[in-house]
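Q: The residues making up each chain are set out below.
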Amino acid sequence: MAIFVNADTKVIVQGLTGGQGKYHGLRNQAYGTQIVGGVTPGKGGTDVATPDGGAIPVFNTVAEAVAATGATASFIAVPPKAAAAAILEAAAAGIAFIVCITEGIPAQDEAKVFNTLLRNYPNTRLLGPNCPGIISPGKCNIGITAGEIAQLPTADGPNVGIVSRSGTLTYQALYELKQRGIGVSTCVGIGGDPVPGTNFIDCLKEFQADPETHAIIMIGEIGGSAEEEAAEFIKANVTKPMSAYIAGVTAPEGKKMGHAGAITSGGKGTAQGKMDALRAAGVKVGLNPTEAGDLMAEIIATL
Amino acid sequence: MDLFEYQGKQYFARYDIPVSPGDVAYTVDEAVAAAEMAGYPVVVKAQVQVGGRGKAGGIKIADNADEVRLHAGNIIGMDIKGHLVKRVWVEHASDISKEYYASYSLDRAAKKHLLMLSAEGGVEIETVAVENPDAIVLLHIDPVDGISLETARDAAVRAKIDAEAVDGVADMLVKLYRCFTEGDCDLAEINPLILRPDGGVHALDAKVSLDNNAGYRHPEWEEFRATEELDEREQLARTHDLQYIGLDGTVGIIANGAGLAMSTLDVVNQVGGTAANFLDIGGGANADMMAAALGVINSDENVKSIFINIFGGITRGEEVAKGIVEAMGRVELRAPIVIRLDGTNAEEGRQILLDAGIPESKLVSKPTMLEAARAAVALANGTN
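Protein sequence lines, in the order shown, are assigned to chains A and B. Sequential numbering from 2 applies to the first sequence in this note's numbering. Sequential numbering from 20 applies to the second sequence in this note's numbering.
Any given hint could be a false lead.
Computed from the model, here is a short list of chain A residues facing chain B with C-beta under 8 Å [stated by the list, open to error]:
#	residue
1	18
2	62
3	113
4	139
5	173
6	193
7	225
8	249
Straight-line alpha carbon distances no greater than 30 Å define the calculated DSBU-like cross-link-like pairs of lysine-lysine that follow [stated by the list, open to error]:
#	chain 1	residue 1	chain 2	residue 2
9	A	206	A	11
10	B	226	B	385
11	B	194	B	117
12	A	236	B	130
13	B	194	B	100
14	A	206	A	241
15	A	82	B	385
16	A	82	B	194
17	A	206	B	130
18	B	131	A	206
19	B	79	B	105
20	B	194	B	130
21	B	131	A	113
22	A	285	B	130
23	A	23	A	44
24	B	79	B	226
25	B	117	A	113
26	B	385	A	285
27	B	131	A	179
28	B	381	A	113
29	B	79	B	130
30	A	82	B	130
31	B	130	B	226
32	B	105	B	179
33	A	113	B	74
34	B	131	A	236
35	B	179	A	82
36	B	130	A	241
These are calculated hints, taken from the structure and not from any lab test. A virtual CB, placed ideally from N, CA and C, is assigned to each residue, including glycine.
Modelling step: build the complete structure from the supplied sequences, incorporating the hints.
A: What follows is the structure, given as structure tokens:
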């Protein structure tokens, strides 16, 4: 078991012939992910050679790719200008799970896309944009995570689910668990943009229901109220033990820290407020990623 | 990007939102010329991006050219909470019957647009929210639908906007929404939105924050960028697409990804150091960007050590290493580097650094973030 994806997930890459799409698409395939096709308008009928001598067919549209390959997931690696249209095209073609790594999509586009999906394609899940993607170690890796940093889950557990709002801290969390030899069921990077398609609560719900996940690490950051909302949800619904880390304890107020989402103002969205809320929900909170890893190791030792 | 009031008003005007006639002035003479055009009496307003301009003496009424000279002379060059006033906005003074408040922003929790409307404008909306929350109408708008004139009218009635102003305010709300969405604003706020004795309404102030991600479809933002008040280093970082924020400490920081960069600040702080900056080289940074980032950090005299914290996903270790080697060949770095390199192609990256034969006094590699932070802080504090 894993959440959102598994070894059978068939994936197409929108933008497979572009620089990022090709590099990461091929890496995902090399990891063992079933990359069954690519989509680049105007390049349909060509293919992309794989290092092992194979070839991935390229289609003009997502609909054609889905019809020919039976793909249910899409990895979108296109520039910001084209991203909103690419997401909606995937949804219209019946793709159930979309991972969009594109950074720099205008917030107005994100808000429109999110609400269009909600209304017209309620069965489609969007992960991202501006996220590292998802990896179920040993089964499926969609996105830009280096697969080798993820510890394989063990058959009997205990295994940990990871959900993170920050890309690089997602890797850091994977790394912390690998150092301690703790298996990972699924690691989801939800991205730091203001309107993420998938949020903490969506992932926590899935992890709580996933029999292969025995504990959960959550990595948040300053700005917004997603962590506070997650804390409320955890208090009421999550029985699996959790550790967490919130980035930006020392961030100056009122400054945008890179991510469009990461800003604290007027004492709202501060790391302290988020840590307090999570602690009140029974989550063990570390002051840096390594401490969150240590706390998880303590939890695992008791399982 | 936050706009000055005068730029916000110019932006509003593009979307047919009525504002007071006026002009921006950099000198006393220009201020007088602007006042003659606008017609007396005029208001001379300091253009700084900080609240409390009025209390600081940055907003004055003038009835004639002599008074404009006096006030503009005083205000230009004034320091308001650390912000130097370089320009004033001079506009015709409006007769005010009532002051309202209107704004659009994104409600991240609801993932919808949020209209805030109140009949109690002219004061800080945060104050109204605390003292009289019922006086603010909050309305979520689905970005797919937008706001209709009818919905805007209903909101105005609910907000207890005076009957004679309801149609005018509703019309403004529709126009302001267009400005907010088509104009790619993070925030579009009018406070106060005034009702005049003649029954008309218009924007007496403008607070506009633009979404930098949408810059590619707004060539008209170029002139706003020209007046952005960045320090030299922030400007340098901007030209290389680096996210840089200057801080007061001694450990220069370069990381990939905003989260890791923030986390790096946290860790440096926890082990007894202080960060000189926040610098995110972003995803997929190449050797050039890494070299540029080092150049930015190197121009900060306070930097005593440089902590490069890279966990490669889309960023590749060998590119990072090449950038470091290149930068060290190009300029003499003022401080030693402590690097922690992990993730995509980290091995290749470490090999490149090793092969470059950089002495340990200039670059040390540490296996974990915590160890690297300790080493960088020890170097910066002179305690190693």
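Q: Next, verify each hint and record whether it holds.
A: Checked hints:
1. 18: violated, 17 Å
2. 62: violated, 23 Å
3. 113: holds, 5 Å
4. 139: violated, 19 Å
5. 173: holds, 6 Å
6. 193: Constraint on residue 193/A satisfied, holds at 6 Å.
7. 225: Cβ of residue 225/A sits 5 Å from chain B, so the hint holds.
8. 249: With a minimum Cβ separation of about 4 Å from chain B (threshold 8 Å), the hint on residue 249/A holds.
9. 206/A - 11/A: The hint holds at about 23 Å.
10. 226/B - 385/B: violated, 46 Å
11. 194/B - 117/B: Status holds; Cα separation ~20 Å.
12. 236/A - 130/B: At roughly 23 Å apart (the allowed maximum being 30 Å), residue 130/B and residue 236/A satisfy the hint.
13. 194/B - 100/B: Violated, at roughly 33 Å.
14. 206/A - 241/A: holds, 11 Å
15. 82/A - 385/B: Violated, at about 39 Å.
16. 82/A - 194/B: Judged against 30 Å, a Cα distance of about 25 Å means the pair holds.
17. 206/A - 130/B: With Cα atoms ~19 Å apart, residue 206/A and residue 130/B stay inside 30 Å; holds.
18. 131/B - 206/A: OK: residue 131/B and residue 206/A at ~23 Å, within 30 Å.
19. 79/B - 105/B: holds, 16 Å
20. 194/B - 130/B: holds, 21 Å
21. 131/B - 113/A: Roughly 9 Å separates the two Cα atoms, so the pair holds.
22. 285/A - 130/B: It holds: about 29 Å lies between the C-alpha atoms, which stays within 30 Å.
23. 23/A - 44/A: holds, 14 Å
24. 79/B - 226/B: Given pair residue 79/B, residue 226/B holds - Cα atoms ~19 Å apart, limit 30 Å.
25. 117/B - 113/A: violated, 35 Å
26. 385/B - 285/A: holds, 27 Å
27. 131/B - 179/A: violated, 39 Å
28. 381/B - 113/A: violated, 49 Å
29. 79/B - 130/B: violated, 41 Å
30. 82/A - 130/B: Holds. Residue 82/A to residue 130/B sits at ~21 Å (cutoff 30 Å).
31. 130/B - 226/B: holds, 22 Å
32. 105/B - 179/B: violated, 39 Å
33. 113/A - 74/B: violated, 40 Å
34. 131/B - 236/A: holds, 26 Å
35. 179/B - 82/A: violated, 41 Å
36. 130/B - 241/A: Judged against 30 Å, a Cα distance of about 28 Å means the pair holds.
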